[in-house]
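Participant: Construct all of the structure, not just a fragment, from the sequences and the given hints.
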Amino acid sequence: MTDLLFLLEVSLAGLGSGALLSLTALAFVLIYKATRVINLAVGEILMLGSYLFFAFGAGMGLSVWLALPLAVAGGALTGAVVERGLIRPMLGESPISVFMVTVGLGSVLIGLVELIWGTDPRSLPPFIANTPVFLGEAYVSRKILVAFLVAGAVMAAFMLLFRYWRGGVALRATATDQAAAYSCGINVPGVFSAAWTVGCGIAAGAGVLLGAIGGISPSMGVFGLSALVVVIVGGLDSILGALIGGLALGLIQSWAGTYLGGEYQSVVTFGLLIVALMVRPYGLFGTHEIERL
Amino acid sequence: MIIGTAKETYRADAALLTTQPQRVWMAIFLAALLALPFVLDAYWLYLVCLAMINVGAATGLNILTGYTGLVSLGQAAFMAVGAYTVAWLERELGTPMLVNLTAAGGVAAAVGVLVGIPSLRVKGLYLAIATIAASFILHFVFVHWVPVTGGASGINVPPATFFGVELVTYFRLYWVILPVTALMVLGAANLFRTRIGRAFIAVRDRDISAEVLGIPLLRYKLMSFGIASFYAGVSGGLWAYFFRVVTPESFPLLASIFLLAAIIVGGMGTILGGIIGAIFMTLAPEMLRFVVEWVSPWVPGAGTLLSPLRTVVFGAMIVGFLVFEPQGIAEIVARVRRYFRLWPFRT
Numbered sequence: 012m013t014d015l016l017f018l019l020e021v022s023l024a025g026l027g028s029g030a031l032l033s034l035t036a037l038a039f040v041l042i043y044k045a046t047r048v049i050n051l052a053v054g055e056i057l058m059l060g061s062y063l064f065f066a067f068g069a070g071m072g073l074s075v076w077l078a079l080p081l082a083v084a085g086g087a088l089t090g091a092v093v094e095r096g097l098i099r100p101m102l103g104e105s106p107i108s109v110f111m112v113t114v115g116l117g118s119v120l121i122g123l124v125e126l127i128w129g130t131d132p133r134s135l136p137p138f139i140a141n142t143p144v145f146l147g148e149a150y151v152s153r154k155i156l157v158a159f160l161v162a163g164a165v166m167a168a169f170m171l172l173f174r175y176w177r178g179g180v181a182l183r184a185t186a187t188d189q190a191a192a193y194s195c196g197i198n199v200p201g202v203f204s205a206a207w208t209v210g211c212g213i214a215a216g217a218g219v220l221l222g223a224i225g226g227i228s229p230s231m232g233v234f235g236l237s238a239l240v241v242v243i244v245g246g247l248d249s250i251l252g253a254l255i256g257g258l259a260l261g262l263i264q265s266w267a268g269t270y271l272g273g274e275y276q277s278v279v280t281f282g283l284l285i286v287a288l289m290v291r292p293y294g295l296f297g298t299h300e301i302e303r304l
Numbered sequence: 013m014i015i016g017t018a019k020e021t022y023r024a025d026a027a028l029l030t031t032q033p034q035r036v037w038m039a040i041f042l043a044a045l046l047a048l049p050f051v052l053d054a055y056w057l058y059l060v061c062l063a064m065i066n067v068g069a070a071t072g073l074n075i076l077t078g079y080t081g082l083v084s085l086g087q088a089a090f091m092a093v094g095a096y097t098v099a100w101l102e103r104e105l106g107t108p109m110l111v112n113l114t115a116a117g118g119v120a121a122a123v124g125v126l127v128g129i130p131s132l133r134v135k136g137l138y139l140a141i142a143t144i145a146a147s148f149i150l151h152f153v154f155v156h157w158v159p160v161t162g163g164a165s166g167i168n169v170p171p172a173t174f175f176g177v178e179l180v181t182y183f184r185l186y187w188v189i190l191p192v193t194a195l196m197v198l199g200a201a202n203l204f205r206t207r208i209g210r211a212f213i214a215v216r217d218r219d220i221s222a223e224v225l226g227i228p229l230l231r232y233k234l235m236s237f238g239i240a241s242f243y244a245g246v247s248g249g250l251w252a253y254f255f256r257v258v259t260p261e262s263f264p265l266l267a268s269i270f271l272l273a274a275i276i277v278g279g280m281g282t283i284l285g286g287i288i289g290a291i292f293m294t295l296a297p298e299m300l301r302f303v304v305e306w307v308s309p310w311v312p313g314a315g316t317l318l319s320p321l322r323t324v325v326f327g328a329m330i331v332g333f334l335v336f337e338p339q340g341i342a343e344i345v346a347r348v349r350r351y352f353r354l355w356p357f358r359t
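Heads up: the protein sequence lines correspond to chains A and B, in order.
Okay, so the first sequence: first residue is 12 according to this note's numbering, each after it adds one.
Okay, so the second sequence: first residue is 13 according to this note's numbering, each after it adds one.
Treat the hints as calculated values from the structure; they're not laboratory data.
These figures come from a predicted structure and were not determined experimentally.
Glycine included, each C-beta is placed from N, C-alpha and C at the ideal position.
Among the clues, some could well be false.
Reference excerpt, derived from the structure (chain B facing chain A, CB under 10 angstroms, subset only) [said to hold, decoys possible]:
hint: 1; residue: 103
hint: 2; residue: 151
hint: 3; residue: 321
hint: 4; residue: 338
hint: 5; residue: 348
Facilitator: In structure tokens form, the structure reads like this:
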């Protein structure tokens with residue numbers, strides 16, 4: 012019976028970190044849907060968000076409830092500036108070039124963070140209590156539960172926004188056909204900016220949650236690679252795929268980490284990625300694009 | 013001003029160097045390469061050797077990415093395969109250096125073909141991500157296949173011997189690295205005068221059209237992966253002899269990004285681009301060291317800023333070149349050449 016309880020606890024922890032993966036994957040999906048850019052710098056924006064939170068919360072001594080929106084706004088601002096400054100001029104270039112721009116951007120962000128805050132790992136000011144929560148008999152860390160609830164709420168909000176809000180519909184229209192959307196009077200460049208702003212804001216928020224659980228360091232952007240696996244497996248343009256893929260990958264990583272050993276996490280993650288690419292390159296829920304000559 | 017070059021034979025038309033100035037400059041360049049180790053001190057010789065090792069790997073990646081259009085972020089992992097092959101052969105069998113380097117290329121090529129299999133199903137960004145995944149899996153193998161790779165602490169490589177001469181100084185290593193790299197670059201340049209190289213270019217320009225023309229995509233894509241990985245393997249082998257220790261952390265994902273950045277900065281799809289890009293990307297961060305030393309009297313603690321500054325400059329160079337000079341340095345060189353060729357008439 013204890014084995015089963017242990018499995019349950021491991022699974023719950025996995026779902027919690029999976030929710031964070033989903034949230035980060037949502038940032039990938041938003042940006043990809045609108046601009047067809049895979050933004051590898053999402054991981055670094057996430058790191059930047061957590062450091063901004065650290066600066067506002069611990070450095071300037073602001074209340075965490077003020078620091079959190081400021082960190083999200085800082086990430087969003089970075090996204091907006093990057094979109095206008097770097098991505099817009101690259102419009103029409105090959106996807107690889109734009110991808111490499113975001114890789115370079117990630118390197119710049121890491122360097123800047125190291126310049127300002129140094130390379131040592133730090134811990135965020137505590138804003139979630141350490142006392143554990145018991146669901147039935149299973150023990151769950153409160154931080155992971157909070158992260159799960161926040162991520163779930165944000166994902167649900169975005170699903171509803173895409174379905175019913177005009178801006179969400181505009182984004183879906185842009186994703187389907189940019190020229191047609193433009194001719195219907197949708198402000199496509201505006202959609203581009205909005206997607207980058209919101210996407211990077213989400214990534215910064217996910218960074219704060221991730222930092223609260225595991226501490227922050229300039230190399231925490233690697234988390235973005237796991238989220239990238241989620242979006243490839245789930246489908247690059249599907250929010251549902253990001254949600255399910257994130258939770259599934261969180262579970263699998265948690266199981267692999269517990270039953271095989273922590274070092275197997277990355278090999279299982281990337282093995283899954285290769286299998287997914289071989290079997291369904293467009294993802295579980297993604298749109299299957301037909302190549303025209 | 014050169015009005016034109018009258019070519020009377022097909023041989024002349026397909027030659028690597030077509031004009032007299034090109035031949036003169038190439039001769040000057042080769043003479044400079046031969047003179048370099050006699051005038052440079054150990055630190056600069058170290059940098060030149062490192063740059064040449066990177067030239068080999070970047071040229072290989074250029075064959076794959078620049079000429080065949082298959083983007084790979086796994087080139088450094090193939091270098092690691094080559095480095096480990098050399099280290100293992102030196103430790104277990106003690107075979108001669110040239111045999112080891114060839115074996116390094118061969119093993120890396122085999123792994124490369126294996127990693128290239130997803131390229132039949134996916135392309136573009138998806139392939140880049142698949143190669144990232146492959147390099148993480150290879151990293152896992154390096155850490156955990158302890159009997160062969162020595163685990164996290166890696167393998168120490170004894171100095172290479174060449175006909176009884178121990179290659180311990182950079183001066184001696186230079187005379188191994190230079191001919192091997194030169195041979196690899198020459199091989200790449202000649203590859204694109206052959207049927208295989210032309211097929212690679214056809215695959216890059218439009219793979220479906222290439223298949224219609226009778227180019228089997230399966231064979232040529234895997235061949236391109238194999239050749240690129242062979243180059244990476246040999247360069248990795250040289251790297252192992254150069255640094256004399258191979259660990260799983262020697263070739264991180266960042267090294268793959270570095271190589272891809274090198275061919276982007278240099279100019280994709282040109283042999284010259286791979287060479288210039290690798291040299292530029294190796295030396296530019298070192299130039300930063302001099303800048304930091306120069307400002308250190310005024311800026312306290314400037315030494316600790318060096319590493320983050322390098323990271324920033326590295327990223328900024330990738331972004332800057334892609335936004336402002338997407339064809340890379342090779343295009344700048346071509347522009348300069350054009351200027352002189354048309355000089356009095358068009359300025």
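Participant: Each of the hints needs a verdict: does it hold here or not?
Facilitator: Results of checking the hints against the structure:
The closest approach between the C-beta of residue 103 (chain B) and any C-beta of chain A is roughly 24 angstroms, which is over the 10 angstroms cut-off, so the hint fails. For residue 151 (chain B), the interface hint holds, since its Cβ comes within 10 angstroms of a Cβ in chain A; the closest pair sits about 8 angstroms apart. Checking residue 321 (chain B) against chain A: minimum C-beta separation of about 7 angstroms stays under 10 angstroms; hint holds. Hint status for residue 338 (chain B): holds, given a least beta-carbon distance of 6 angstroms to chain A, under 10 angstroms.
The criterion of a C-beta within 10 angstroms of any C-beta in chain A is not met by residue 348 (chain B), whose closest approach is roughly 23 angstroms, and the hint is violated.
Checked against the numbered hints given earlier, the structure breaks hints 1, 5 and satisfies all the rest.
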